Each structure stands twice: as structure tokens, then as C-alpha cells.
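**Q** Go ahead and model the full structure; you've got the sequences and the hints to work with.
Residue numbers (the working numbering), protein chains in the order written: chain H, 1 to 117; chain U, 118 to 281; chain F, 282 to 778.
Among the hints, erroneous ones may be present.
Residues from chain U that face chain H, not an exhaustive set, calculated with beta carbons under 10 Å [stated by the list, open to error]:
| hint | residue |
| --- | --- |
| 1 | V124 |
| 2 | I173 |
| 3 | V182 |
| 4 | T184 |
| 5 | A243 |
According to the in silico footprint, chain F covers these stretches of chain U (three or more CB under 8 Å from chain F) [what the hints assert, rightly or not]:
| hint | region |
| --- | --- |
| 6 | 217-228 |
| 7 | 254-260 |
| 8 | 267-276 |
Simulated from the structure, these hints should not be mistaken for lab results. Remember, predicted model here, so these are calculated numbers, not experimental data. Backbone N, C-alpha and C fix where the C-beta goes; we use that ideal spot for every residue, glycine too.
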Amino acid sequence: MVWAQVAIYLLIVTCLGLGMSYTGYFFLAPSRPRALKQEAYECGVPQMAGSRERFSVRFYLIAIMFILFDIETVFLIPWAVLYKQLGVPGLVEIGIFFAVLGFGLAYLWRRGGLEWD
Amino acid sequence: MLATVAVVVIAVVLIATAVAVVVSDNLVHSVFWLAAMLITTALLYVMLEAPFLAAIQVMLYTGGVITMMLFGVMLTQRDPGSRVPSASEAPGWAAPVALGLGATLLVAIWTTPELAALTPTPSGDAQKIGHMFLDRYLIAFEALSVLLLAGMIGAIVLARKGDA
Amino acid sequence: MTFTIYELAAMQPALLVMIAGLLAVGLDTFVPSKTRIAHAMLCGGGVIAAMAALGSQLYYQRTAIHAFGNMLVLDDMACFLSLAILAATGLVLISSDADTTRRNIGFGEYYGLIMIAASAMMMLVASNDFMTIFVNLEVLSLALYVLTGITRKNPRSNEASVKYLVSGAFATCFFLMGVAFLYGATGTFALSGIREALALGLDSSMARVGLGMVMVGFAFKIGAVPFHMWVPDVYEGAPTSTTAFMSVTVKAAGVGALIRVLLIAAPMRSDLWADLLWWMAVATMVVGNLMALQQTSVKRMLAFSSVAHTGYALVALATMRSTDETFVPEAAASALFYLLTYTFMTLGAFSFLIYMGHELPGKDGTSEWQDAETLSDLAGMADRRPWAAAMMGLFLLSLGGIPPTAGFLGKFYLFAGAIERGHVTIAVIGVMASLVSLYYYLRVIVWMYMKEPMIADEKPHPSVAVVIALAGLATLLIGVMPGAFIAAAEHSIAVLR
Chain H
1 MVWAQVAIYL LIVTCLGLGM SYTGYFFLAP SRPRALKQEA YECGVPQMAG
51 SRERFSVRFY LIAIMFILFD IETVFLIPWA VLYKQLGVPG LVEIGIFFAV
101 LGFGLAYLWR RGGLEWD
Chain U
118 MLATVAVVVI AVVLIATAVA VVVSDNLVHS VFWLAAMLIT TALLYVMLEA
168 PFLAAIQVML YTGGVITMML FGVMLTQRDP GSRVPSASEA PGWAAPVALG
218 LGATLLVAIW TTPELAALTP TPSGDAQKIG HMFLDRYLIA FEALSVLLLA
268 GMIGAIVLAR KGDA
Chain F
282 MTFTIYELAA MQPALLVMIA GLLAVGLDTF VPSKTRIAHA MLCGGGVIAA
332 MAALGSQLYY QRTAIHAFGN MLVLDDMACF LSLAILAATG LVLISSDADT
382 TRRNIGFGEY YGLIMIAASA MMMLVASNDF MTIFVNLEVL SLALYVLTGI
432 TRKNPRSNEA SVKYLVSGAF ATCFFLMGVA FLYGATGTFA LSGIREALAL
482 GLDSSMARVG LGMVMVGFAF KIGAVPFHMW VPDVYEGAPT STTAFMSVTV
532 KAAGVGALIR VLLIAAPMRS DLWADLLWWM AVATMVVGNL MALQQTSVKR
582 MLAFSSVAHT GYALVALATM RSTDETFVPE AAASALFYLL TYTFMTLGAF
632 SFLIYMGHEL PGKDGTSEWQ DAETLSDLAG MADRRPWAAA MMGLFLLSLG
682 GIPPTAGFLG KFYLFAGAIE RGHVTIAVIG VMASLVSLYY YLRVIVWMYM
732 KEPMIADEKP HPSVAVVIAL AGLATLLIGV MPGAFIAAAE HSIAVLR
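**A** What follows is the structure in C-alpha cells.
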């Protein structure tokens, strides 16, 4: 059960990290909130607006595209680790997969999905 | 023994974070609890000797999906700092139904003597998954590219500039 | 994986449709001077080529092709349902001409998404493995979420799209959890493998719960009570051509896949799922019809009526186990035939609403298109457009189950079969429900023929007239000479082993 040990290790590390920061936050740090301290830090100048303003919808498009191509990359890895074994048929199979997504990328490009304005 | 303890601890953390996602009144906090939950799920995959899946879980879900959800929250939050009550407005029957469903699933797993899926070797690492993708489930794999393409077209159609 | 060209033929029809859809998107994107005609010819060509491929499979091949390690199987049922889906897709492509030009929707993407959804549905009805079923279910759902919200300036369309997405994601969770349970219990995703495992004694409570959850997932997708809540809002908010498309094709594909899952993976557990489906079918027929009674919007009324029609189709599945405990899989043929009749009459009725669209003055001097929706939109239009009104009357009578239309035969075949297998109660409930439904179908006819016109400024679109005529022809044709269609449906189920 080597992986169990890895998992336990990760668990301990996470708990340790969280535990240390939360111990500091709750028990050690003095808590004297003031209005000025509660504001978001903007290089020392007074805050203009809330830090959680609405984003432009364009960010969302970028985020979606990021995820889609992220998934695509993940699908590439299982093929990459055994491409010698799979040989030409494997190349053709992954080629079809990428042709469809390449088409998608070209479509995206032409439609202005990659441009900011 | 040690493994059992680890699984129990992971399970407790998983359930606690999942509950926190649902009961948190602040959407941003909910998303961060979700991130914690997804990372804990990755730990579960590590326990099941599927490190590749665990890596993907962190990469795609914590890296991608959580980012997108945060964007989504930022996009829609009109009133800064507004809180969304997490309690369901309506029905008192939602909780019994959910608990009943959960109980049914638990009983079903509990009363099943042997799980056939656990007898074959777990297909944990990237090579085995690669063989699955490019051999056994090739058609489903190629269809996934169409799924991603449909997602791209949908994103452009619904979110691009211009009218109509 | 090694496979023969012969296996590739199993997915050729779906592939042709998909390629045509991708080319339509590509044409819109990369070719500077493009016309609607080019898109229409491309997509129409894809549909016709796929139909030809299916026809040649039926005529020359005759035996089912099991392809790619039995992930897909092109058998008679897949051909039958694929042809119904293709017919609906072809008609929707023609009628979308109105929606895309009136609302200035990018037609390349619109047609492309419709073709992608259609090809996923064709793969879905041919899927013989939960892996392919799931992926194709998702592809078609994703395309439909986008199509529902494609009129971006219309808040109702947006709301419908979000509602569809959220409830669809919820349904997917159920489906996926069910598949995971089935995999956990049997160790395989293949439908035939699951049957073997169940027969070998892996018939645990986990497998049963898994099967139940898979059925819940399907019930969501086809809009059966109690998982129908999204149907009225989504069907009402979506552009009408999209509504027409999804109301007929998703039901055909979803019920088809459900039949395959039940008959191939779990025939020996019919004692469990038949009871579940019995209650679901009764609830769907009753709730769908009672809700439809209360609607003043014709589009919403048709949405509830489509819920009710899902219930009728489920009657066939629910009565597959006769009261003397014998299992009669052939009963599913009446569901297939019913889906075929439902395709044309519903498509025709929705197309009529597009046909009767009119222009509303918008806020800033522009005008906005509005399909006919309320009863008052249709008041007294029979004098102005006698042919269209007659056709709508035909579709409504067929939906209500009046001879000599297709709808009558579909219902007759369903309920007669149910009684033959001893299920008198559900047949009586079904007939009563159809009688109730006549009230709201006839009400539309009364408004069309007997009321004074309120608005008379509709601008009919010629291509929609073609769709209405073709759908009307099909409704009559199936009603007058159903023999070949019933034989095809029965044969489809008979070879499904």
C-alpha cells in the first residue's frame, strides 16, 4: 500500500499547513480590526471601489476556452505515454481527436473568440 | 490498519467540506470549500492507487473548474458582498427526500456482498487509461472531441460580442 | 484497436450527419461569401446521404453490425429510430429558415449544432455500452442547451437555457451515479456484459439501485413525471424551431436508448422496472394532460401535451411484462411506432406556430418577431389561411387520437397491446387521459374556426409551409396505411437480442 502512505503523507502535510495558519490566526494574532485595516490594499492610496466588482463577460469566455483546452491536454497524456506501443493506428486515432479540436480552435480564432476587443 | 484510518479521515473531511459548500452563505466561500472538497477527492484517488487520476482531478477541477466558477461568481455578483441564503426557500420535503436517497444508496452498497468491479486490477495509471481510451472505448473517446467542440461553439454563440 | 471497414459502416450514417454539420460551421466561418442556400444544401445533403446509408443497410445488409468491440450496434431498431430522427431533422432544417432569418441567428452555428445533436442521437440509439450512451447523451444535451438559448437578447430564451442546463446536469448526476453502481456491481459497462453478470448471480441490490438511477436519468431527459418540471419552461422559452426539434428527437432517442438498456441489460429484472415504469407512465399521462388543460398559451399547452405523450409511449414499456408473468419484449414495438407518429404530428403543430409568426414593434423603432403563442393569436385565422388551419386541425386531431390519423393508430396499437397482455387498468387510464386531451386540442380548433380574428398581421414564411405540408402528409400516410411502419417497428424489436 505505497499509495496509501502517499495519501496519508499528503493528508498530514495539508493538516499541518492549515493547522499552523489557523492556529496563528485564531490564537496568536492580536485582533484589533479598524475600518482602514479592513479595506483592500491598493498600494497605500485610499480605496476607490470594492474589490469584488463585476468582471467583463469576456473573462468567462477565456475561462471556458482554458478549461476546454485543458481537458484536451489531459486526454493527450494517456496517448503520449504509450505512443510507441500504439504506433500508427494510435497516431491516426489521436489525430482525428485533434483534427476535430483543431477545427474548433480555427473556428474560435475566426470568430474572434481569442481577441479582447 | 493505517490505510483504514486514512480512508476514514479522508471521508470525514470530504463530507465536512461538501456540507460546507452547501450551507455556506457566501458564494465565494462555497467555491473555496468546493476546491477543498475536490482536492480531498484526489486524495481518495491516491488511496485507490490511481495517481494519474488524482493528478487530473487537481489539474482539471481545482485548476480549471474552480477558476471558472470564481469567474462566474465575479461576473454575476451585482451587489458587492451580498449574501445568498443557502437554505432552500421551499419545501420541507427536500431534506427527507435527500436523506432517503442517501440511505437507499448506503443500504444498497452495504447489502451487496461482493463488488465485481473490485476484482479486476484497478486501471490507475496513465498507460492503462491510454489503452482504455484508444482501444476499448475508442468511439466514446472520439465522441468526446465532438463534445468539446460543441462546448466551444456554444461558448462563442452565447458569449461573443455583437447582436442577435 | 483494429477494426474493419465493415465496422466503420456501422457509424457511417451518424458520421455523415456530423461531417455535414461541421462543414456548415466551417462554411459560415471560413468562406467569405456564403449563402443560406449553401448551408441548407450541405445539411440537407448530409441528412439525405445518411438516410441513403441507412436504407442500404436495411436493404442489402439486413443483419446487425456490431462494431468497435460491441460499443455500437447498427441493427434494425437503430435504423428505424435514426430514420425518424433524420426525418425530423430534415423538416426542422427547413423550418429553421424562418427562425434564423427572422431573428438574425447565425445559421452556420445553428444548423451545425442541430446536425451535431442529430448525429449524437443516432449514435445514442445505436449505443450498446454505457460509455457510448453517456457520451452521446451529453453531446446532444450540450448542443440543445445552446440551441435553447441561441436567441441571446430574449430573456425567456436565456432563462429556458439555464433551467435546461441545471436540470439536465442534475439528471446527468443521477445517470452517472447509476452507471457507476451498475459498474460496481457487475464490473462492466457493456449492456450485454451486464446481463451476463446479472444472470451469473451478481444481481445485487447495488445493481438494482443502479438500474433505477439510470432510469431516473432517462426519465429526466425524455420529460416523464415526476421529472418533467423543466419541460414547459424550456419548450416555451426556446425558439420554436428548437422546441420542435427537441420535443420530437430527444424523446425518440431517449426512449430508444431506454428500450435498449432494459431489453439488453436487464430483461430478467423486468419485475422491478416494469412496476416502476407503470407508475411513471400513469403519472405522466395524468399530470401532463391535466396541466395542459389549464394553459392559454398554445406553445405551453403543446409542451405539456408532449409530456403526456411521453406517458403514452411509456405504457408500452410498462406493460412489457404481462399479468401472467411472461415477458413480452415485442411490446416495445408499439412504443417505437408511437414515437414515429408523434414525431410528425408534434413537429407539424410546432411548425404551424412558426408559420403564424408576426412582427411586434420593439422599443427603439425596431421590430421583433413573435411566433404565434396564445389562443388569441390564432383566433379566426381559418378564414384567412384555410389550408394552414386545416393542417393544424389535422395535427391536433392526430395528437388527440382521432381516426384516420396516425395518432389514432399509434394509441390504438399501444392500448390494444396493453389490454392483450392483461393490463386493463393502465389502458383505461390512458384512454381516459386521451379523452381529456381532446378538450384542449379541440379548443384550439374552435378558436381557429369560430372566433373573430384579433390580429391579422402574421407574415407566413414559405419554407415553413413546406414543412407543414410534409408533416401533414406523413401524419395522413401513416394513418391510412400503417402496415409497413408497424411491421418495421415489430421487426426492429424482434431482432433486438
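**Q** What are the numbers of the hints that this structure violates, sorted from low to high?
**A** Violated hints: none; all satisfied.
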